[in-house]
Structure formats: C-alpha cells, structure tokens
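Visitor: Got two chains here, each in a separate frame; can you build the complex from them with the hints?
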Amino acid sequence: MPAKASRAAFGEVLLDLGAKDERIVTVDADLSKSTMTAKFAKTYPARAFNVGIAESGMIGLAAGLALAGRIPFACSFGCFLVGRFETIRVSVAYSQAPVKLVGTHVGVAIGEDGYSQMGLEDIACLRALPNIPIVQPADELETKQAVAYAVEHPGPIYLRLTRQNLEAVHDASYRFQFGKADVLRPGRDVSILVSGGPVWNALEAAKKLATEGVDAEILNVATIKPLDDEAILRSAGKTGHVVTVEDHSINGGLGSAVAELLGEVMPTPLKRVGVTTFGESGDPKGLYAKHGLDAEGIAQSVLKFLR
Amino acid sequence: MANPDIARLESVAREGRVQILRMLTHAGSGHPGGSLSAIDILTTLYFHRMRYDPKRPDWEDRDRFILSKGHCVPAQYFCMAKAGYFPMDRLTTLRKLGSPLQGHPDRTTVPGIEAATGSLGQGLSIAVGMALGLKLAGKNARVYCVVGDGEIQEGQIWESLMSAPGLGAPDHHVDNLCVILDGNGIQLDDFVAKVLDLEPVVDKLEAFRWPVLEIDGHDIAQIDKALDQAETIKGKPTFVVAHTVKGKGVSFMENEPEWHGKAPKPAEAVRAIREILGGTVPDWAASIIAELEALEKK
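Sequence order for the protein chains is E and S.
Convert by adding 7 to the 1-based position in the first sequence; the result is the number in the working numbering.
Convert by adding 5 to the 1-based position in the second sequence; the result is the number in the working numbering.
Read the hints as simulated data drawn from the structure, not as lab findings.
Keep in mind that this is a model prediction, so the values were computed, not measured.
Here a beta-carbon is modelled for each residue, glycine too, at the ideal position from N, C-alpha and C.
Misleading hints may appear alongside valid ones.
Examples of chain E residues toward chain S, derived with CB under 10 Å [unchecked claim]: (1) L24; (2) D28; (3) R30; (4) V32; (5) R54; (6) F56; (7) E62; (8) G67; (9) G71; (10) R77; (11) E93; (12) R96; (13) Y101; (14) A238.
Only chain S is shown next, with the shape it has when bound in the complex (with noise of 0.2 Å):
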C-alpha cells in the first residue's frame, strides 16, 4: 500500500479529537477516554487501509470493520461521517431519541455498521466468523477487529482466540483478520492492572499461538506499518497490541480513569479543543467552539 500521507491523517485525527468531544458534549454522557485512545487507529483504518464505498454499505467486497468496544464509538462515527456514510451535522445527535446514532453500535440504524458490539468481549468473535465467512465465498476482503484491554477480561475472547489461528485449515485460514488491541490501561473501574492485570499479554496471546506486533497506537506511521505486516502473514490472522493513552490529546483525561465515561461540561469540551487545535483555530472549529459556548449559556 502507499505511503501514507501522515501530515493529513494527523489532522484528520485532530479534527476526530473535537468531534468526539463536541458529540458526547451534546449528548451529555458517554466515553470520551477510550474514543480518544482509539481515534488514531481509527482514522489510519478508516482514511488509508480500508477499501469501502458509503454509497454502497452493502458492497460484497467491502473490508469490514468491528468496534468490539462499542462503547467507543464516537470515534467510528466521526469516521464514518467524514468518509460519507451520513452528514456531519448527525453527530450532535449521538444518545438522543430518534437517532440513529445509537450510545452503542447498531447495524440496523446506521449502514456501513457491520454488527451490535457494546456488550463487550463479543465482536471479536463476529470479526472472526466474518473473516472465515468471506474466505468460503473467495472474497480478498479484510477484517478488522478493534479489541479494548479491559474488554479481553471477557472469557468469549479467549474462546476465540484459542480457536482463530487454526480456524479454516487447510484452504481457508483467516489471515485476512487482523485484531487491534486499543491498551490503554484503563477500565472502568480503575486501571487494569489493579483490577485484573492482563500481563504478559504478548506472551498469552503467543501462546494461543497468534503472530504478535506491538506498537505505539498513536503512531500512525507505525499504525500503518503493522497493518502493512499483517497482510503479508499468511496461514493466521494477525494480533497487533497498540500501546495507547486514554483520553489521549486532552491533559486533564489523560490517563484518568474517571473520563472512561463522562461527557465534559461545554466549557470544558472547549478548553479540550483548543488544547487539540493548538493555537491555530480554523474555521470549522471556531463554529464548534461557537456552539458549545451557546449550550454552555443555556
């Protein structure tokens, strides 16, 4: 695949950051940590990797993407209103009645939504049977599984990695999967090493006998690196353990557990934003800004 053009995906990221912030601001509750540790990876999927059309969600050939931790899918839905599947103006409607957009993904509200996850530890598995489903039908289509490390506490994860490697031999083998851990060390309750501490998880994860690449999740060169690597493992599907930092871009989020799922207070959405901008407002975001100083008054 071509080099990726990272200045642009930075900023496509950067945009993501304040739309994530901006929607859970309007909604008023939601998980602004882990939409924000995931965004990178994300964009480098949604705006470099993937191989899709919004005008046609349902095209045979599609790449598929599963959020498994649907609960951040903000982040999703801002790439998949940048790419076209629906229009921006949507996003202030995450979480309210009528909406499509769905606290949690739902395939039935939302085209271009591959599967209901939210209830964690299940999309993997889906991902799993998706990859297996598209090598019988001798489709060259991926997949793509975006894990959380609080989430792979789930038993059915380890069910179905114990069971992926193997899974299709000898003809249809699912390395046309590639899983993507979002670690960023913290769960809901409290970090995941005080709650129950996933290490060595490389280790584990190469005992079930999956191949392993690590990188910094908010590297998008790396990001794209590892996704190029893992198309050319052939015979297993692909695990890729992404260090990130919850609530990444935002200082006070920042690796506070208390922002897994609390939606700012419009003055403190702004704050945020200008602290992701950094200085350089454009036009755009000068409206946001604009518009949550208004809700910030009401």
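Isolated chain E, as found in the complex (with noise of 0.2 Å):
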C-alpha cells in the first residue's frame, strides 16, 4: 500500500461504513476539508453537520445525538477538540456519550503553521479521563479497521489522525484489534514502544541499530488506552530495556502511561523520547530531525540509553 495519511484512511473508510449504517453522521467545525469528512458531507448531505468555528458547540451537539441514538463522528484538529476539554468532560465523558471524537493535525508533523495548530497535550488530557479510550492507528489499513471498530464500540473514543503521509507498517493480513498492542519487530535487546506518526521510523532506526548490534523489538501501540498491559510487559520482561516514542508531549502520553505501569508492575530502565518544548513552525522532516523523532534520532536515544 501506499502511503497514506490516517486522516485520508478515515474519509474513505467512513464513506463506506456510512453507506452501511445510517445512523452514522458527521459533525464538523469548519474544518470538513482538512479533518477529510468533506466527502461524506457531499455524499449524505442530511446526515453531516457542520456548525462553524464552534468546538464546543459541536462537541454538545454530538453528545446529544449520541444520546438520541445516532453514530456522531465529532471532528477538528487534536487542540482544538481536546481543547475543549470541560465540554468533553461533562457532555461526554461523565455523560457516557458514545461520540467519536475524531482528532487529526497531531504532533508536531503538520509543520508549517506551527504550535498553535499541534495537537501535542491531547492523550495527556484524555488519559485523565475515566471512560474515553484513545487510539492511533499507524497506517492506513489499521485506521480504516479502527474506524469501524469505533463505529462499534459501546462508549466515546477518540481517534488521533494524521495530517502528514504514513507509510504502511502492516501486511494486508493484519488485524486491528482493540486494547492490543502488535509487534512489528521481535527484538531482544531494547523494546521500542511506539505510536502513531513515528512508526516507520522507528522500523528504520531498527535497521541503523541493528548495524550496531544492537537487536531491537518494535511495538506499535495503537490503543493508547487502555494500555496493552501484558504484551508491554512481556517484551519489557524479555528485553530489559524500554524506549517510548511519540509525536505528542513528553508528558503525559504514551511514555507517561508506559512508566505508570513498569513503575507500578516491573521497574524497569525507561526511555521517553517525545516533545519536551511547545513546537514551532518548519519542515516537517526537520521538525522530527529537531525532536529526535526522526529514524536517526530515534537509534541516537537508543544507543545513548543502553550504554
């Protein structure tokens, strides 16, 4: 497959889950081109909403055709959804709406435009939250299962998309499943839990390490949370050493939550690589040349960690 943005997969895969469910609809806030909902806007027009530069508005409307019944896909930039926090909070969360809230232009990756259109603090945010799963597929093959996966789930959830090009990290007999972590890569001597825009990169800093001899196990953890509890521990059993990688703020994502469990469970020496500044405007190469998110910068940390 070719690469492929996950928020591309996401407009594609809900125009074909939207032919099989009427239920399903789309609230957006003028943002339809970019969060790629456009399509399904244009194709069922009675079922897309689209009610202006309003997040919390829509983040309430959603709520409340989720609890009328109706499948709401709730979608925006990462920051600008989750930055409405109190509304996700007490319309959603505390209400048990089963809205599916749809977070793309994470991470320092969109580039150009800068910080203020980073989602970087929103699995910090949702963590805190008791019932909102979050999940970041990697690749176009799994965004289109997690798509339909949150079409199926019971509650809210939120799904972390890409605005940038993701290489495909799967083969086409990949099964999402949710709750569970896959290993892309069996290592021995370093796990390198990884997520979302970075996935890729950290197969190819694999590469890099294994030239120096260092053999490292690749896991892609798609469901944020709840964390993959045991498949995280048994690659950290096995290998002693563990590296998180992320296109989100250092704190509070998935290093954060991987360190809750190993200090909790199985200490064990941690790694986080992720953004530890606000991010800035520039080239999306150089931006995780910059955060060390990048194939190089990825092996750099590894071999500084385990020497």
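Guide: Right under this line is the structure:
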C-alpha cells in the first residue's frame, strides 16, 4: 500500500461505513476539508452538520446526537477538539455519550502552521478521563479497521489521526484489535514502544541499530488507553530496556502511561522520546529531526540509553 | 393539548417547594433560590406536557428534558420522584455518599436523567443534538431545555444559539426543541444586571433568528400556553424567556443573592414551609415539619 495520511484513510472508510449504517453522522467545525469528512458531507448531506467555528457547541451537539441513538463522528484538529476539554469531560465522558471524537493534525509533524495548530497534549488530557479510550493507528490499513471498530465501540472513543502521509507498516493480513499492541519487529535487546507518526521511523531505526549490534523489538501501541499491559510487560521482561517514542508532549502521553505501568508492576530502565517544548513552524522532516523523532534520532536515543 | 388543571399543578408545585426545602436542609448544602424559581416550569413540563414512562426511562419515543442549569436539580428530583421514577423517601439522601442523587445531574445514576449537566453552558448544545437526533430517527418526541440567566453568559450557549435555528435544513429542522430561560435575575455573586447585564436579551435572541416568547414563569397558564405555541412554530426551535423570582414562595429568600447556594437551617426550612402552605398543613407536610424539627434538635 502506498503511504497515506490516517485522516485520508478515515475519510475514505467513513464513506463505506456510512453507506452501511445510516446512524453514522458527522459534525464539523469548519475543518471538514482538513479532517476529510467533506466527501461524506457531499455524499450524505442530510447526515453531515457543520456548526461553524464553534468546537464546544459541536462536541455538545454530538453528545446529544449520540444520546438520541445516532453515531456521531465529531471532528477537528486534535488541539481544538481536546482544547474544549470541559465539554468532553461532562457532556461526553461523564454523560457516557458514545461520541466518536476524531482529532487530526496531531504532533509537530504538521510543520509550517506552527504550535497553535499542533495536537501535542491531547493524549495527556484524555488519559485523565475514566471512560474515553485513545486509539492512534499507524497506517492506512490500521486506520480503516480502527474507524470501523469505533462505530461498534459502545461508548465514547478518541481517534488520533495525522495530517502527514504514513508508510504502510502492516501487511494485508493484519487485523486491528482494540486494546492490543502488535509486534512489528521482534528483538532481544530493547523494546521500542511507538505510536502514530513515528512508527515507520522506529522500524527504520531498528535497521540502523542492527548494524550497531542492537536487536530492537518494535511494538506498535495503537491503543494508548487502555494500555496493553500484558504485551508491554512481556516485551519489557524479555529485553529489560524500554524506549517510548511519540509525536506528543513527553508529559502525559504514551511514555507516561508506560512509565506508570512499569513503575508499579515491573520497574525497568526507561527512556521517553517525545516533544519537550512547544512546537514551532518548520518543515516536518526538520522538526522530526530536531525533536529526535526521525530514524536517526530514535536510533541515537536508544544507543545513548543502552550505553 | 388539553387545558391544564391549574389548581392541581399549583398544588404539585407547592409540594415541590416543600420537598426542595426538605432535601436541601437534609443535605446541608445546595441551591434553593434557582430550584424555587424553576419549579413551576418543571411542574408544568412533568405533570402536564411531557410524554414519558417512569417504568421505561429509555423508551425511545419519550420527550426529553435537559436541565442545563444543573445546580437546580432538586426541583427535577422532586418531579421525578412524584412521577414515579424513584421513591419520594430517597430525596433526603441528596448529596450524601452513596446516593444516586448527585449534587448535579448524573445520567448514569438516575435513569430518566438525560445528560450530565452542571458545568454551565453545556446542556443547550446537548438538547440541540438530541432534537436533531430524534428528527433524523423520524421520532415525534420533543426536547425541553431549561437554562439559567446567569448561565447564558457562557460562550458555548451562544455557539448553539447561532447554529440551532438553521440546523437540519431542509428536512430535519429542530422545531421539536423548546428552550426555557429561568430568568430569575440573580447569579452566584450578585444580580445578573450587576455582574454582566444580559439585556436586551430578547433582542439578542431574535437577532440570532430565534422565535421568542416572553412569559411570567410562575403563572402555570402562561407557561402552558407558551409551550403550546412552541409546538405550532415550524422550521425553528422556540425560546421562551420566563421571568421568574429567585427563591419564589419564601419571602426571606426571594430576590436575595445569598440564597443562591445556601441550604436553610431546619428552623428556617420549617418557617419557609409554613409560608408556602399558607395555613393549611396537610398530613404529608406535617410529617416533614416534624422530621425537620427533630433534625433541629440534633
């Protein structure tokens, strides 16, 4: 499969799912061309609602639709969506309204638009709420299956999608399982737990590490909440060293979730790679290099950590 | 809809006022002022207008009620108990550890509560979404949403006010939605006009393309007439501005900002209940008075 942005895969699969289930509706806040629901809106105009640049109202509207038996996908950039945390907290999470929250344009990978448009704290915020799972697919195939799962999921759920293209990391036989991490590359020396944008880079890093005599195991952690404790503990127990990699704030994201798990259950040396500052404008490749999220950066972090 | 039995509804609202004071006194905290200003509206909705079945709280065709000003949930708890959703005795567990009757509405603990509210400004958006969802599902059910006047200072309210009148066009207009403003003129800190004046609120709503009706929110005939009228307005939701008195029915609470969020002491509650009942104390009320007098002695 060619590289494809997870937001684009989302837009495509939503059209198919919408044809099968008329309860599926979209709500947008003037970003439907970016969140890729515009095609759905064109195909099913009576089931697509654009409320203007008003994300709180959009999330509340979605909560009401969900409580009245519809299956609403509420879409915006991850930062604008989760920025309306209080509405998600009470109208969606506490009300147990089965809204499908879709945050796109996550991470420094969006590049030139700069920090104000980058979803960098969304995982941290939503991890604090009791009943909203967080799913971040790594490629087109996984995204399409994760979106289909979201339709079936009985409660609210958050899908974290990218603006940038993602290289395929799964073969056609792969089946996404909610709550499960999958081993993309088995290894003995270090476990690299990675999610979303940098997954492909971690696989490339593993090749570099192999030339240095380091055999890295790569786990794609698509479901960040609830964490696949079993798979992570199994891998960490085997390798004895864990590195987390994410295009998200280093605080509160995948790395923190893994640190909490290991700290309580099986203390294991851990290195977290992620964004430690505000983001900034720049070309996406340059930003990944600066924040240590490209293959070279990940490999260097692992080597430094192991030495 | 048939003409309301005004005397009966007024009697239920009086009982509601007594039960609100009773439960807040037991709880030792809560919001009497706004509960008392909204009880006539809620009584009319629950005991004359809305179609629901307390034995089937998830009945798909039920009318929905969202109390966006969630802090006034004692008024709703009374209506729900009176309607048969749960026993009246449970009202005295309000706000206590382990009680389903949370300080603000929680739909997971009380079947029949439609959404969690109380973080102000959110209930209206949910109500709009429910109205739209019911239209999409081809249901005839209506959605009622009560907002507070202090509450509509929240920005999210105006987001939904902007979009709701045009939403669902051309086939799923949310004309099954009626929003009622409990305009009691007081918020936590002070009079609304002093904290952040909303006037001219009717002009603002009309500028946002809402049909607006203005009524006395303690006159059950007027409340009912407005809700009747709202059902005849097609193509748009309706906004009813109900002028109310905070603390209505208890002279020492009326129009006093300090009674926004303070529970009465048992002796104060007894005095208030006697005033509400105006001389004739039926047996059920006598036992509440005895219960509160015993609480005073503790």
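Visitor: If you test the structure against every hint from before, which numbers come out violated?
Guide: Per hint list: 1, 2 and 14 violated.
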